[in-house]
Amino acid sequence: MSDLPPAAYTLEYPYTRSTGPVVGPFLTALRDGRILGIRCRGRVLCPPLEFDPETGATLAPDFVEVGPGGRVLAWTWIAEPARTHPSSLPFAFATILLDGADTALVHAVRAGSLGEMSTGMRVRAQWLEERRQSITDVYFVPEGQARDQQIPPGRGEVEMTEQLISLSYSEPLHPHRARYAKGLLEGRFVGQRSPVSGKVYLPSKGYDLLERVRLDEADDVVVANTGTVVSYTVITPVQYYGQQETEPTIRASILLDGADQPLGQQDIRSIPISEFRAGMRVRAVFKPPAERDLGELDNRWGSTGNVLSRWEPTGEPDLPFEKIAEHNW
Amino acid sequence: MTAQEIAIVAFAQTPAHRQYDDSEPSMLMDLTNQLLAETGIEREEIDFTIAGSCDYLSGMPFAFVMNVDGLGAWPPVYESHVEMDGAWALFEAWVRLQVGDIDVALVAGSGKSSPGRPREIFALQTNPYYCAPLGLDPVSVAGLQARALLDAGKATERDFAEVVSRSHRDGLANPNAQVAKDVSVDALLSEPYFAAPLRRHDLPPIADGAAAVLIARGERARRLCERPVWIRGIDHRIEPSHLGLRDLTDSPSTRLAAEKLGIHAGAIDVAELCARFSSEEIVLREALGLREPTRINPSGGPLCGHPVMATGLVRVVEVARRIREGSARRGLAHATSGPALQQNLLCLLEGGA
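If you read the protein sequences in the order shown, they are chains A and B. For the first sequence, the working numbering gives the first residue as 1, with consecutive numbering after it. For the second sequence, the working numbering gives the first residue as 1, with consecutive numbering after it.
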């Protein structure tokens, strides 16, 4: 294992979902302090479904108010809540049969301690002060602890519901990846040469995928800081969630001299878009050692981190297309 | 259509690692090379490849494409993928070979759970309006299921601990086990709750790992190995996603799959169950009607190693290994997907010419 810190990264997906003819009225009522079930052939389903679970037939929007009290059918005490749970203090997840419903709702019971929980116990819904048009607008408490609440109705129908999904990861760099990363910090590009195909991979994945051969430290090779632009694209930034770019930027693939695989996703800012072209000879200019860091480089991607100050033209004649055709795609 | 005879001709698995220090494709590459070396065939002779994996586990969009590196990316493969346990990849390959026009398929399942937080990731499998915003995770749902079993009188906490004690002890003989130890039931019962009534040891360890099998049709299977392990049938069934619509103390989908396969038409020498929580084994044993002398989870099962996306395929490998070694003649492998055994797959395996 390397002495570099683990690569940590977060994936976020901001979901906005339309609610439709059943979830919409349910979330609207929930925001306004009421819980709805839906009638289905003599039964009341809560949470309400769009379909008959037995036949799959579409259900008419025949809602009926249920709860806010109910009975716990099954429960589990969450002693160490996860970041994604609706309570940071220990709580219970429970299947709750609300008064007037025939199917159970899964939700959180904030009971304070495991000793307060028992199968069959009565619970009652409590509404959050600030409601977000989500199932998490309520939670449950043992009936004896419930407060009476006046819930002011909100405006309009809930037609959308939002959920930000945020997932965190952390993993040490794989050994070959760590050696590549250290090379970058030292101002050089460390690839791996396959003893079978002779191909030099940069950055290497730790194997030769053409020959299905694992590579190790003895296969490491240092390649040049100069190379050829083999392909590029100009990205015009769309202002999606998390976007930080505002101006069009070049992303280029650069085949370093001595490598058989281009370094992808190179951010080119020091060469005007109008002058940039495939075949151009370029040189990597590293930042001073103290200013280099690995940035978002992890085991998945991030090819040069923040170790380069820029790519600059070498001034050599361009390579003709035939010389780079294999990598120009 | 007459069913094709299809057999497992080679199988391989990595140990269940708490944290494997290299990539998922590199694990698959080792397994692929092992299967090819054992059967002596070239990669070009594999007609179809399919893998089961989950991009969310390591947080790498399109990770499943990278995994093809490990199966041999060149020359181009006829490839498929399921975002499910490798056991479902086996099902698709088995169905594909039923067509009868190709002979050999490579099946893999792999996952690295160590970089992420499985409790947070797998809550996203649940209903996006009613459950996912609550972070309703597999451990919590297993806790609800365990409680339901206790309240229904179908199990005791001691029953859960007995499953754990037996499994961890069996793990001592399994070189691929991540957790293996000899612990008494009483010692287990003195541990604190994690998701009461479940304790930490009732949960599977977080693991990285992979498994792969090579399957072939009829005569080709007989030529490729001395002792083919015949797939007599695979069936999988699913239950509603809403927990409120299910009896968590039962597994009607497993029972139905077992009926369709006719598992009780002969003795079942060994059953490898994808019981990720000790409480799930109680539900599965009952739904399958397993009794002595059927040996359950001699590998130690998922409680000794749970490389998510491979755990079900590992069950197939463990049964196939025992049939090939001759310690079992006929065996059952089980895989599962979704919270509280929502979807269940059974694969019936048998030795013989």
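No wet-lab data here; the hints were simulated from the structure. Using N, Cα and C, we set each Cβ at its ideal position, and we do this for glycine too. It cannot be assumed that every hint is accurate.
[What the hints assert, rightly or not] Derived Cβ-Cβ restraints for the label pairs, each shown as a range:
{"#": "1", "chain 1": "B", "residue 1": "Gln98", "chain 2": "A", "residue 2": "Pro313", "range": "53 to 61 angstroms"}
{"#": "2", "chain 1": "B", "residue 1": "Gln4", "chain 2": "A", "residue 2": "Ser113", "range": "41 to 49 angstroms"}
{"#": "3", "chain 1": "B", "residue 1": "Pro128", "chain 2": "A", "residue 2": "Glu296", "range": "27 to 35 angstroms"}
{"#": "4", "chain 1": "A", "residue 1": "Gly42", "chain 2": "B", "residue 2": "Asp186", "range": "21 to 29 angstroms"}
{"#": "5", "chain 1": "B", "residue 1": "Gly218", "chain 2": "A", "residue 2": "Pro14", "range": "28 to 36 angstroms"}
{"#": "6", "chain 1": "A", "residue 1": "Asp99", "chain 2": "B", "residue 2": "Gly153", "range": "20 to 28 angstroms"}
{"#": "7", "chain 1": "B", "residue 1": "Gly153", "chain 2": "A", "residue 2": "Arg214", "range": "21 to 29 angstroms"}
{"#": "8", "chain 1": "B", "residue 1": "Glu44", "chain 2": "A", "residue 2": "Lys182", "range": "58 to 66 angstroms"}
- Between Glu44(B) and Lys182(A), does the C-beta distance stay in 58 to 66 angstroms? Violated, since Glu44(B) and Lys182(A) (Cβ atoms, about 38 angstroms apart) do not stay within the stated range.
- Using the Cβ atoms, figure out if Gly153(B) sits within 21 to 29 angstroms of Arg214(A). violated, 54 angstroms
- Query: Taking 27 to 35 angstroms as the hint, is the beta-carbon distance of Pro128(B) and Glu296(A) inside that range?
  - Reply: 28 angstroms Cβ-Cβ, so the 27 to 35 angstroms window holds.
- Starting from the hint 53 to 61 angstroms, judge whether the C-beta atoms of Gln98(B) and Pro313(A) obey it. Holds - the Cβ-Cβ distance for Gln98(B) and Pro313(A), about 59 angstroms, lies within 53 to 61 angstroms.
- Take the C-beta atom of Gln4(B) and the C-beta atom of Ser113(A), compute their distance, and say whether it sits inside 41 to 49 angstroms. violated, 59 angstroms
- Is it true that the C-beta distance of Asp99(A) to Gly153(B) lies inside 20 to 28 angstroms, as the hint says? holds, 26 angstroms
- Regarding Gly218(B) and Pro14(A), is the given constraint of 28 to 36 angstroms on their beta-carbon distance met? Distance hint for Gly218(B), Pro14(A) is violated at roughly 52 angstroms.
- Task: Using the beta carbons of Gly42(A) and Asp186(B), state whether their distance is inside 21 to 29 angstroms or not.
- Result: At 49 angstroms between Cβs, range violated.
Figure legend: structure checked against the earlier numbered hints; hints not met, in rising order: 2, 4, 5, 7 and 8.
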